[in-house]
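Novice: Here the protein sequences line up with chains A and B, keeping their order.
For the first sequence, the working numbering gives the first residue as 1, with consecutive numbering after it.
For the second sequence, the working numbering gives the first residue as 1001, with consecutive numbering after it.
By construction, these hints were calculated from the structure, which means they are not laboratory data.
A hint or two may mislead.
[As the list claims (entries may be wrong)] With a Cα cut of at most 30 Å, we get these calculated DSSO-like pairs of lysine-lysine: (1) A:K70 with B:K1123; (2) A:K70 with B:K1108; (3) B:K1072 with A:K107; (4) B:K1123 with A:K71; (5) B:K1108 with B:K1142.
Now for the letters of each chain:
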Amino acid sequence: MNVLSELKSIISGLSVPVETGVFSGEAPDEYAVLVPLGDEFPLNGDDYPLTDEQSCRISLFTKGNYLRLKKQITLSLLSAGFTVEARRYEGYDAGAGYHQLTIDVAKLYDMQEE
Amino acid sequence: MARCTVRLPEEFLKRLSSLGERTDEVAAKALQAGGEIILAEARENLRRSVGSGTKYPSRSTGQLESSLGLSKARVDRNGDHNVKIGFSEGRGGGGSNAAVANVLEYGKHGQPAKPFLAPAKKKAGREALEAMKRAIEEEAKK
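With the sequences and hints as input, model every part of the structure.
Specialist: So, in C-alpha cells, the structure goes:
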C-alpha cells in the first residue's frame, strides 16, 4: 500500500475523479489531482528504516459546494488514518468557474509490509 | 515531610542567566541558521520546478528565483521570534512574484502544481532544527 493508491481509492470512492500530477482529458465539474510532496524515514532501528512517511498534496477543484466536498474528503482521510497537515482554500477561478482547495496529508507506512 | 533541594552548577547558572539577557540575539542567530537551510532547499526545488515540463519552451528569466530570500528575525505581536522565507516584490514587467510563486506551489485548473516550499520544509525541517540547536549551544558557550 502507498499514499497514492490509498488516496485514489478514498477519493474515487466518493465519486470524485482523481489523477496524479495532472488531470488528463476534459475536466469534469469536480475532480482532484494528487501531487506527492515527499518521502521520509522518520524512524530507524539497527541502521534500517522502520517506517516510511509519505506525504501528498490533494488539489480539489469543484464548480459546486466546496465545503461539502472538503468535509467529506477530510472525514474519509481521518478515518483512514491520514494526518491532515494543512487545508487551504486557494480561491475561485472566475475564468474556469472552479473553486480550488488544497489538503496536505501524510501517513506512516510500516516498511515490513511492503 | 521529606525535602529535596537541587542545586544547579554555578557555571550552568551563569550561562542560563547570560542567555536570558541575550534572548533576542540568540533567537535571531538560531532562526537565521535554520532558515538558511530551508531557504537553500526551497531555492534548489524552485530551480528544478521553473520551466520544467512546460507545454511551450520556457521563457524563464530567473526573476522568481533571485527574489526568493530570508527575512531578518523579528518579534511578532505574541512575542515570538520569526524569520520568513518569501519573495521580494518589484517584478520586472509587472505582476507579483508572490502570485507567480503561489500558482507554482499550488497549481490551478489546467496548470499542474509544482510544489517547492512544502517539500523543502519536509525535507530540510529536521536539519534546520539541528542547525538551530547548534547555534543555541554555541551561543550558550560564549
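Novice: What hints, given by number in increasing order, does this structure fail?
Specialist: Numbers 3 and 5 - these are the hints that the structure violates, sorted from lowest upward.
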